Amino acid sequence: TVVFQQLSEQFQLGVQALNEERYEVALQHFQFVINHDPAYPGAQDKLTEILVKMSISPTPTASPTPILTPTPDLRGVEEIYTRARQLLAAQDWDGAISNLDSLRKTDSAYRAAQVDGMYYIALRMRGYGKIIPPSQLCSDINLEGGIYDLTLAERFGPLDSYSESLRTWSRFYITGASFWELDWLQVQDYFGKVMTGYPNLMDSSCKTATERWRFATIKRAEQLLAAGDTCGAEEQFNLAFSINSAKNEEYYPTATEVSAQCDGDGGGPPPAASETPVPSPTPTLTTP
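Just add 5 to wherever you are in the sequence shown, counting from 1, and you've got the numbering used here.
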């Protein structure tokens, strides 16, 4: 398709820029790919590689005017910093963050800009990994933890558009789940939003946003049916059935009956009850 060709072209341009060490340019190409297809093969790995390289690449600094003061012993700090870089390159985000914390406690001013950048990468990638775990096991998903890490990363630099969107979708997912079995209309609304951005997003329940929306839509149909709005129920059943799922089959008989009722009686909610008018009494003429 045209979209796939465009993404493929952007991916290749990103690879070329990465090989030429034009990291900012490569970052833009891979972010474009991920924003349009988060599951594009290799895109996430390349993005991680770029962010790591950007964080550990030496940044030239102006040489300060020498001051004749005793040289502090920085061997302990240097060792911690080097270890943090190694862990970052190995994509051990927990280990990198732990070492960076130790470094900041030892000397908060040491290579402050570089350390901020390393914090950003480690927190950003750890947060992403909690929402979309490398293991691909839904039992490893931790949406709240992922949101927290991405928010911490934001303290060290602005989030890229994909990370920002992922955090927003995760928040919508959590909010939608909080209404489960309490307010199906709210559930339907929130998971409908998540579906537009990341339809396969899930939590540790292993239920995707799409599946939650489908189920909530069926529950809305049942509510409308119970209220006598057969045509409204038919519409909701049809929306739910637009999601291909074997779980829809048990609702087909009810939906068929609802459709027949809607076609037969015009559907719609029953009219509001009105009081039966009481006829006025016929006046009686009395003669004096």
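Simulated from the structure, these hints should not be mistaken for laboratory data. Be aware that one or more of the hints could be misleading.
DSS-like mimics (lysine-lysine), calculated; alpha carbons at most 27 Å apart, straight line [as the list claims (entries may be wrong)]:
| hint | residue 1 | residue 2 |
| --- | --- | --- |
| 1 | 212 | 198 |
| 2 | 58 | 110 |
| 3 | 252 | 198 |
| 4 | 224 | 252 |
| 5 | 224 | 212 |
| 6 | 51 | 110 |
| 7 | 198 | 224 |
All values reported here derive from a predicted model rather than from experimental measurement.
Going down the list of hints, with the structure as the test:
no.: 1; hint: 212 / 198; result: 16 Å, holds
no.: 2; hint: 58 / 110; result: 25 Å, holds
no.: 3; hint: 252 / 198; result: 22 Å, holds
no.: 4; hint: 224 / 252; result: 13 Å, holds
no.: 5; hint: 224 / 212; result: 16 Å, holds
no.: 6; hint: 51 / 110; result: 32 Å, violated
no.: 7; hint: 198 / 224; result: 18 Å, holds
The structure does not agree with numbered hint 6 stated previously, though it agrees with all others.
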